[in-house]
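Student: Here are the chains, one letter per residue:
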Amino acid sequence: MASEPANDAPHRMIADDVVFGSNVVVHPFTNLYGCRIGDDSRIGPFVEIQSGATVGRRCKIQSHTFICEGVVIEDEVFVGHGVMFINDKYPRAANDRHELKSPSDWQIAGSTVERGGSIGSGAVILGGLRLGAGCMIGAGSVVTRDVPAGAVAFGNPARVRE
Amino acid sequence: MASEPANDAPHRMIADDVVFGSNVVVHPFTNLYGCRIGDDSRIGPFVEIQSGATVGRRCKIQSHTFICEGVVIEDEVFVGHGVMFINDKYPRAANDRHELKSPSDWQIAGSTVERGGSIGSGAVILGGLRLGAGCMIGAGSVVTRDVPAGAVAFGNPARVRE
Amino acid sequence: MASEPANDAPHRMIADDVVFGSNVVVHPFTNLYGCRIGDDSRIGPFVEIQSGATVGRRCKIQSHTFICEGVVIEDEVFVGHGVMFINDKYPRAANDRHELKSPSDWQIAGSTVERGGSIGSGAVILGGLRLGAGCMIGAGSVVTRDVPAGAVAFGNPARVRE
Chain A
1 MASEPANDAP HRMIADDVVF GSNVVVHPFT NLYGCRIGDD SRIGPFVEIQ
51 SGATVGRRCK IQSHTFICEG VVIEDEVFVG HGVMFINDKY PRAANDRHEL
101 KSPSDWQIAG STVERGGSIG SGAVILGGLR LGAGCMIGAG SVVTRDVPAG
151 AVAFGNPARV RE
Chain B
1 MASEPANDAP HRMIADDVVF GSNVVVHPFT NLYGCRIGDD SRIGPFVEIQ
51 SGATVGRRCK IQSHTFICEG VVIEDEVFVG HGVMFINDKY PRAANDRHEL
101 KSPSDWQIAG STVERGGSIG SGAVILGGLR LGAGCMIGAG SVVTRDVPAG
151 AVAFGNPARV RE
Chain C
1 MASEPANDAP HRMIADDVVF GSNVVVHPFT NLYGCRIGDD SRIGPFVEIQ
51 SGATVGRRCK IQSHTFICEG VVIEDEVFVG HGVMFINDKY PRAANDRHEL
101 KSPSDWQIAG STVERGGSIG SGAVILGGLR LGAGCMIGAG SVVTRDVPAG
151 AVAFGNPARV RE
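Residue numbers (the working numbering), protein chains in the order written: chain A, 1 to 162; chain B, 1 to 162; chain C, 1 to 162.
These aren't lab readings, by the way, just hints derived from the structure by calculation.
One or more hints might be untrue.
The list cannot tell twin chains apart, which means a pair is met if one copy fits it or any two copies do.
Said to hold, decoys possible - Calculated pairs, SDA-like style, for lysine to any residue (alpha carbon to alpha carbon, straight line, at most 20 Å):
#  : residue 1 : residue 2
1  : Lys101    : Arg42
2  : Lys101    : Val25
3  : Lys89     : Gln50
4  : Lys89     : Gly134
5  : Lys101    : Asn23
6  : Lys101    : Arg115
7  : Lys89     : Gly127
8  : Lys89     : Glu69
9  : Lys89     : Tyr33
10 : Lys89     : Asp146
11 : Lys101    : Gly134
12 : Lys89     : Arg145
13 : Lys89     : Ala109
14 : Lys89     : Gln107
15 : Lys89     : Gly150
16 : Lys101    : Pro10
17 : Lys101    : Asp39
18 : Lys101    : Ser51
19 : Lys89     : Thr144
If we strip away everything but chain A, and leave its shape as in the complex, we get (with noise of 0.2 Å):
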């Protein structure tokens, strides 16, 4: 483990369950907590990565990104700036009884981005899908369906190409 990404660094929330690989970099206002980011992996500004989600190996997390609970990114992506992921495909803030909803409440289907995938800035990840290796997702795209490995998409909603 690296003792760089350290909980006391300014502008950083990382709680002590994160587990870091070795040579991670985590840039300022970041919040993370209960994921793991393998070794020599980035983290840019303004991300959260949730519980439960797992960052591969020489990896970049650019700046302004969310990745939830239940994303598994694998060792080579690239998940451009503004990056929304999502595990939740019928989100309610309340339940039927009027309560906040808890966890217990819906079931997670969070996606995989497979290895030297790579996703355009701006996108946006529905939940439960499967990128596959080294495919390529447009900035600005919306992805909603699986994408084949070695594919190009992009579009709202993303479309493989060519």
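For chain A, the structure is supplied; the task is to place chains B and C on it using the hints.
Tutor: Same frame as chain A, now just chains B and C:
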């Protein structure tokens, strides 16, 4: 008024004029001023809520979201991650005299999200709209028109589906 | 140079090499380094502006926006909330030798927003583009081509309308 989301907590900027209901939770890296937040609501990290905005009871305002002056969020509304509200139909930096525009140079046109609505992550909500009770806005949508109560709308621009 | 947006203000990371004009306002939760910011401009919260980027005079850079190396924002430009600029056409995390990519592994292709332009909230601006003087980019647009001076463009991909 709850005392919990106090102004002196780490990594939060909560102005003295924010009016909190009871049992509100405000996460780190938040910038709130002049707004009202109802009972039991939760405000995620990297959120700004401006003066004159209102958030109801039992709402979830997720990370990276911007709620501007004039926006009304009623009770039990879910606002996903990275949602941008807008209140200026023709934004410009400077006025015709080449001075930075000030509040007297534009008319605020906030939107209202009625009770129980749900706004997917990455959505953009233009100014002056009404999103009806219980509606669901898909992730990554750009909402340019009113949405009827109970409707499901998505896309860029968002359209009511089915 | 203005002394106001000093490096020791709370919740701001402003590197010593940032060059400020007079009367600049920088809000909390900002991460600025190696950039130039012109007279009277305002930088909102949760904004990152990278080394080598330039912001002109009387600009508004709104919250949650990312301005990357190589971007030139001329005078009196409005950049809305949650706007993502891009400077890398084929982003990947690692190079062919499975090492984290470094600046020598890609070519910077920044975009220019000419005087008086306006970029709506949530827009994504791809690399290497020129957005003409006084143009208006609709909220939530994905800009993939140059935009002529004075044009209104929106959508994903953004198209010039009427």
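Student: Does each hint hold? Answer for all of them.
Tutor: To see whether the hints hold, each was checked on the structure:
1. Only between protomers do Lys101 and Arg42 lie at most 20 Å apart by alpha-carbon distance; the minimum there is 11 Å, versus 33 Å within a single protomer.
2. Taking CA atoms no more than 20 Å apart as the test, Lys101 paired with Val25 passes between copies only; the shortest distance there is 14 Å, against 34 Å inside one copy.
3. In the homo-oligomer, the alpha carbons of Lys89 and Gln50 lie at most 20 Å apart inside one protomer (17 Å), although the nearest pairing across protomers, at 29 Å, exceeds that limit.
4. For a Cα distance limit of 20 Å, the shortest separation of Lys89 from Gly134 across copies, 15 Å, qualifies, whereas the shortest one inside one copy, 26 Å, does not.
5. In this homomeric assembly, Lys101 and Asn23 come within 20 Å of each other (Cα to Cα) only across copies, at 15 Å, whereas the closest approach inside a single copy is 38 Å.
6. Proximity of Lys101 and Arg115 under a CA criterion of 20 Å is satisfied inter-copy only: 15 Å between copies versus 34 Å inside one chain copy.
7. Taking the shortest Cα distances, Lys89 and Gly127 sit within 20 Å of each other inside one copy (6 Å), while across copies they are farther apart (26 Å).
8. Taking identical chains as interchangeable, the C-alpha atoms of Lys89 and Glu69 lie at most 20 Å apart only when both belong to the same chain, with a minimum of 13 Å there against 29 Å between chains.
9. Neither within a single protomer nor between protomers do Lys89 and Tyr33 lie at most 20 Å apart by alpha-carbon distance, with minima of 23 Å and 32 Å respectively.
10. In this homomeric assembly, Lys89 and Asp146 come within 20 Å of each other (Cα to Cα) only inside a single copy, at 15 Å, whereas the closest approach across copies is 23 Å.
11. Proximity of Lys101 and Gly134 under a CA criterion of 20 Å is satisfied inter-copy only: 15 Å between copies versus 36 Å inside one chain copy.
12. Only within a single protomer do Lys89 and Arg145 lie at most 20 Å apart by alpha-carbon distance; the minimum there is 13 Å, versus 23 Å between protomers.
13. In this assembly of identical chains, Lys89 and Ala109 lie within 20 Å of each other by CA distance solely inside one copy; the values are 7 Å within and 30 Å between copies.
14. Taking the shortest Cα distances, Lys89 and Gln107 sit within 20 Å of each other inside one copy (9 Å), while across copies they are farther apart (36 Å).
15. Taking the shortest Cα distances, Lys89 and Gly150 sit within 20 Å of each other only across copies (17 Å), while inside one copy they are farther apart (26 Å).
16. For a Cα distance limit of 20 Å, the shortest separation of Lys101 from Pro10 qualifies neither inside one copy, at 33 Å, nor across copies, at 26 Å.
17. Taking the shortest Cα distances, Lys101 and Asp39 sit within 20 Å of each other only across copies (14 Å), while inside one copy they are farther apart (35 Å).
18. Taking the shortest Cα distances, Lys101 and Ser51 sit within 20 Å of each other inside one copy (18 Å), while across copies they are farther apart (27 Å).
19. Within a single copy, Lys89 and Thr144 get their C-alpha atoms as close as 11 Å, which meets the 20 Å cut-off; across copies the closest is 23 Å, which misses it.
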